[in-house]
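Given next are the chains, with one letter for each unit.
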Amino acid sequence: VRTFSINHRPAVVLLGGLVAAVAAVVLTVAVLNATRAEGSSAPHGFSLLGGEATGLGSFAKGTSASGAFIKQSGIAPEDVHRAAVSATGWKMWLGVSDKAACLYYAPPGADGPGVVCAPVADAAAGRLAVTVTGAGKNPSVTVLGVLPDGIQRVSVAAKAGRTVSDVANNAFIVTTDATATDYAFVRPDGSRAEYALRVEK
Amino acid sequence: LSELRYAGSGGCSGGACSFCTNVTLQSSGSGPYDDRCAYGYFYQAYHVTASHWSGAVQMCAGMKSGSVGNGSNVGPVGVSCGFGYTVSTPSYLGTNTTGYMTIINQDNAPHYNYSGGGEYN
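First to last, the protein sequences are chains A and B.
For the first sequence, the numbering used here assigns the number 86 to the initial residue and increments by one for each residue that follows.
For the second sequence, the numbering used here assigns the number 1368 to the initial residue and increments by one for each residue that follows.
Keep in mind that the hints were calculated from the coordinates and are not lab data.
It cannot be assumed that every hint is accurate.
[Stated by the list, open to error] What the simulated footprint calls covered on chain A by chain B, stretch by stretch (three residues with Cβ under 8 Å from a Cβ of chain B suffice, anywhere in the stretch; the number is not a length): (1) 139 to 151; (2) 195 to 208; (3) 212 to 221; (4) 277 to 285.
[Claimed, not checked] So, partial list: chain B residues that the calculated Cβ filter (under 10 Å) puts toward chain A: (5) 1403; (6) 1416; (7) 1423; (8) 1425; (9) 1431; (10) 1432; (11) 1439; (12) 1440; (13) 1441; (14) 1443; (15) 1445; (16) 1446; (17) 1455; (18) 1457; (19) 1473.
Backbone N, C-alpha and C fix where the C-beta goes; we use that ideal spot for every residue, glycine too.
The following block holds chain B by itself, in its conformation from the complex (with noise of 0.2 Å):
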């Protein structure tokens, strides 16, 4: 594990991670698409959560090969998307899942508060 990019606080302990801590996401950033946050590098991560439990928003969770969260999705984690408080990723272990754990603002606005979470090995 070594941390190449993250916004916010961000930390891991015992195999689990929390990272881009009370981020805000803006509607657009620096990715292709909509704003994001990534952590990482990992070579076997689990699963990964993105959170905004002040409010239901339209956000996506999963391993991206970029570095600020961009590139493409990273199986068999993948990246899950979905409208309300958080969203995970289905959980594999003992796979390869090599990349950035990313949260993502798929709003049309900005949004104070998210969070990342995941678990490696």
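One chain only, chain A, in its complex shape (with noise of 0.2 Å):
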């Protein structure tokens, strides 16, 4: 009886080299993808802080340039990114440090930024943002954030409903009145998130 014995080792080889490639193809798309959802490319989640940081440059005045906060934030003023938001008139810059994250925000006219500085943590989750209001009976109400990268809309509420404004180089700006009680996003999960505002009139 003859018998013949093939010598397979050469296809197994083959095939299981293609099932390897095939599987890294697979899981580095997937990987990919998961990123660009989560926005976690970029530090701390937010794409404008991959840059060179811009600094607040001639805005380097009250709070942001005292060496008390500069201690306590961990944060320069040439440390901080701009946000191209100059369409409104007002001018933003987000610095984050491994002590706070801080959102600089200036109105046309004034000559330094205004500062808010909350947890790296909380920034994060997109709870970083200032209400500010002007003088007089019934004052504009200014509401500023920043929001991590994924995040296309910001909704804020007040009485007379809410005002939606797209989120452009991870921030946001909405005009509305001293009746503004939240402001809300949805995630790129999905989920939606909302944070209280509180205004000072």
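If you follow the hints, you should be able to join the two separate chains into one complex; please do so.
Here's what the structure looks like:
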């Protein structure tokens, strides 16, 4: 009786290699998609922080330039990144250290920015915003904030309803009134976040 | 500059002020809304800062027309509010903002170690 012995080893190795290669490609695509969806490829989830720091330049005045603030926040005026929101006339910057995340904002006519600083984890979750209220009997209220990558729109609730605004360059600005109560947005995973706003008039 | 009402320690030197240093602000107080601490009176205030670096809370900083931190907001500095370790108004050099530097606790609980700061001409 003749028996035939066929050597299958090269075919098995080739097949195994193909499977491994396909698996690697699938895994890489999945990781890239997940990273893009969560915005986690950018520092703290903010693409705005990815480039060179712009600094505050001539706006480095007031609180932002004080030694006590720099020591507490860990953020010097030259460490911040400017968000492109010039169409509104306001200027905004974001700075993050291991101590805090700080949003800097300057209305038209101001020579130095206001600042609000929160824990980094809160900022990464979208909780870094400020209400700026002027003088007068019925003052207008400007709500400014920064949101991590992947959030397209934000809405601000007031007595008259919700005002929807696009998020650009991780930043948003909404003009509303003293009845503003919260701002809300949808995260990349589809869940909704809502944070209270307080206004002092 | 004249000091009309403030809590805790406070003082100004060279145009920079520290006021209401390490005060406790309750969840409700003498003001119409939340507990607040004021310092002044100023004729040219540039900006105001409220700080609570020992923990993030909801608070405000700004210029108010009332001597106990109540009354209307005074422009252009106005009042800024937010959640965090510190909130500061924008700075307006060379403009007249008359009133009282004020910090406000807007949280629903008392908090310790608030501090206020500001600059004036």
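- What hint numbers does the structure not satisfy? none
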